[in-house]
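Asker: Work out the full structure: start from the sequences and follow the hints.
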Amino acid sequence: MTECYIRVAEDENEEPMEIPSEEDGTVLLSTVAAQFPGACGLRYRSPVSQCMRGVRLVEGILHAPESDWGNLVYVVNYPKDNKRKMDEMDAASAVKIKRGVQKTSDLIVLGLPWKTTEQDLKDYFGTFGEVIMVQVKRDTKTGNSKGFGFVRFTEYETQVKAMSQRHMIDGRWCDCKLPNSKAGPDEPMRSRKVFVGRCTEDMTTDELRQFFMQYGEVTDVFIPKPFRAFAFVTFADDQVAQSLCGEDLIIKGTSVHISNAEPKHNNFFFPSTFFMHLFSNFPGRSPSLAAMFERSQYQFPSSHV
DNA sequence: GTTGAGCGTT
12 MTECYIRVAE
22 DENEEPMEIP
32 SEEDGTVLLS
42 TVAAQFPGAC
52 GLRYRSPVSQ
62 CMRGVRLVEG
72 ILHAPESDWG
82 NLVYVVNYPK
92 DNKRKMDEMD
102 AASAVKIKRG
112 VQKTSDLIVL
122 GLPWKTTEQD
132 LKDYFGTFGE
142 VIMVQVKRDT
152 KTGNSKGFGF
162 VRFTEYETQV
172 KAMSQRHMID
182 GRWCDCKLPN
192 SKAGPDEPMR
202 SRKVFVGRCT
212 EDMTTDELRQ
222 FFMQYGEVTD
232 VFIPKPFRAF
242 AFVTFADDQV
252 AQSLCGEDLI
262 IKGTSVHISN
272 AEPKHNNFFF
282 PSTFFMHLFS
292 NFPGRSPSLA
302 AMFERSQYQF
312 PSSHV
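When the letters of the first sequence are read in order and numbered with the working numbering, they come out as residues 12 to 316.
It is worth saying that the hints were derived from the structure and are not from the lab.
Take these hints with a grain of salt, some might be off.
Claimed, not checked - Cross-link-like lysine-lysine pairs, in silico, DSS-like; alpha carbons within 30 angstroms at most:
#1 LYS157 <-> LYS188
#2 LYS133 <-> LYS152
#3 LYS126 <-> LYS148
#4 LYS152 <-> LYS172
#5 LYS204 <-> LYS172
#6 LYS204 <-> LYS152
What the hints assert, rightly or not - Between beta-carbon pairs, the in silico distance windows are:
#7 PRO90 <-> GLY182: 52 to 62 angstroms
#8 LEU189 <-> GLY81: 43 to 53 angstroms
#9 THR215 <-> GLY154: 23 to 33 angstroms
#10 MET174 <-> ARG67: 13 to 23 angstroms
#11 GLY36 <-> THR230: 27 to 37 angstroms
#12 PRO235 <-> GLY137: 33 to 43 angstroms
#13 SER175 <-> GLU34: 45 to 55 angstroms
#14 LEU68 <-> TYR167: 14 to 24 angstroms
#15 GLU168 <-> ARG54: 17 to 27 angstroms
#16 TYR16 <-> CYS62: 23 to 33 angstroms
Glycine included, every Cβ here is placed at the ideal spot set by N, Cα and C.
Answerer: Structure, rendered in structure tokens:
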């Protein structure tokens, strides 16, 4: 299958718009969303059954129902029952509606047996409902499990059920809890830039751009080199950025955390107490210390906030 | 090559 245009409309009876496919014949959801903001998928009326059918959507990529898209008119899906156009509301509330009223969040799974794998977790929690993310936290050097992990369900009801009981996993009782990192909402700040934590090394700027396009126009993606497990994404609209803050989003199967690009304290790797200690020991005359401070400034550049 | 309350990224 090759590059083509598929016909897309907001309603079956509305005049369709032609939207380009990719070279492999798939269509990016972001391409649809560029013309129909807030779109979360496509459907079409099957010529055979006369029923509406959903178009397969995997990782932001829409796949043709048969060998090709044909001449069908594809109708835009909007989240839940919200069929209003995005321009009838502000961007922030649109994203909230798009994301549903009851957001699911990552759950920490405590007490895992050392031998339990992510596949084990997926198999176990899959009996409760659809699972969209599992992680087993491991020592980066040895690969040994740290005995805890994370799980994320599609449905909020599933999450509630999972938290309401203990879990026997590979012979041990485990608990699902809301992680401490979700304790309080992030402070609001009017920035167009968000901090994307827990990035994996295989995420490219293009992929991040493709992913975040679904929420609004992306003006910049910055991934520090060498790899530091985080990125900055800038939106054209600060309300879009703000609406995502505090969210856990799943990119390529990994849960990333969105927070403000300018937290109160950038003190994880360079705590101020660390500097104070150094300064007190070597009062103001260490070239290497100055160089280190320079690096820390570079790693948290004000130009990226 | 161990262990058994915790907490993922800046």
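Asker: For every hint, state whether the structure bears it out.
Answerer: How the hints compare with the structure:
1. LYS157 <-> LYS188: 16 angstroms, holds
2. LYS133 <-> LYS152: Holds, at about 24 angstroms.
3. LYS126 <-> LYS148: 12 angstroms, holds
4. LYS152 <-> LYS172: Not OK: LYS152 and LYS172 at ~35 angstroms, beyond 30 angstroms, violated.
5. LYS204 <-> LYS172: Answer violated: LYS204 to LYS172 is near 35 angstroms, above 30 angstroms.
6. LYS204 <-> LYS152: 33 angstroms, violated
7. PRO90 <-> GLY182: 52 to 62 angstroms: 40 angstroms, violated
8. LEU189 <-> GLY81: 43 to 53 angstroms: 46 angstroms, holds
9. THR215 <-> GLY154: 23 to 33 angstroms: Holds, at about 25 angstroms.
10. MET174 <-> ARG67: 13 to 23 angstroms: 31 angstroms, violated
11. GLY36 <-> THR230: 27 to 37 angstroms: 29 angstroms, holds
12. PRO235 <-> GLY137: 33 to 43 angstroms: 36 angstroms Cβ-Cβ, so the 33 to 43 angstroms window holds.
13. SER175 <-> GLU34: 45 to 55 angstroms: Between SER175 and GLU34, where Cβ atoms are some 48 angstroms apart, the hint holds.
14. LEU68 <-> TYR167: 14 to 24 angstroms: 20 angstroms, holds
15. GLU168 <-> ARG54: 17 to 27 angstroms: 24 angstroms, holds
16. TYR16 <-> CYS62: 23 to 33 angstroms: Holds, at about 25 angstroms.
Checked against the numbered hints above, the structure violates hints 4, 5, 6, 7 and 10; every other hint is satisfied.
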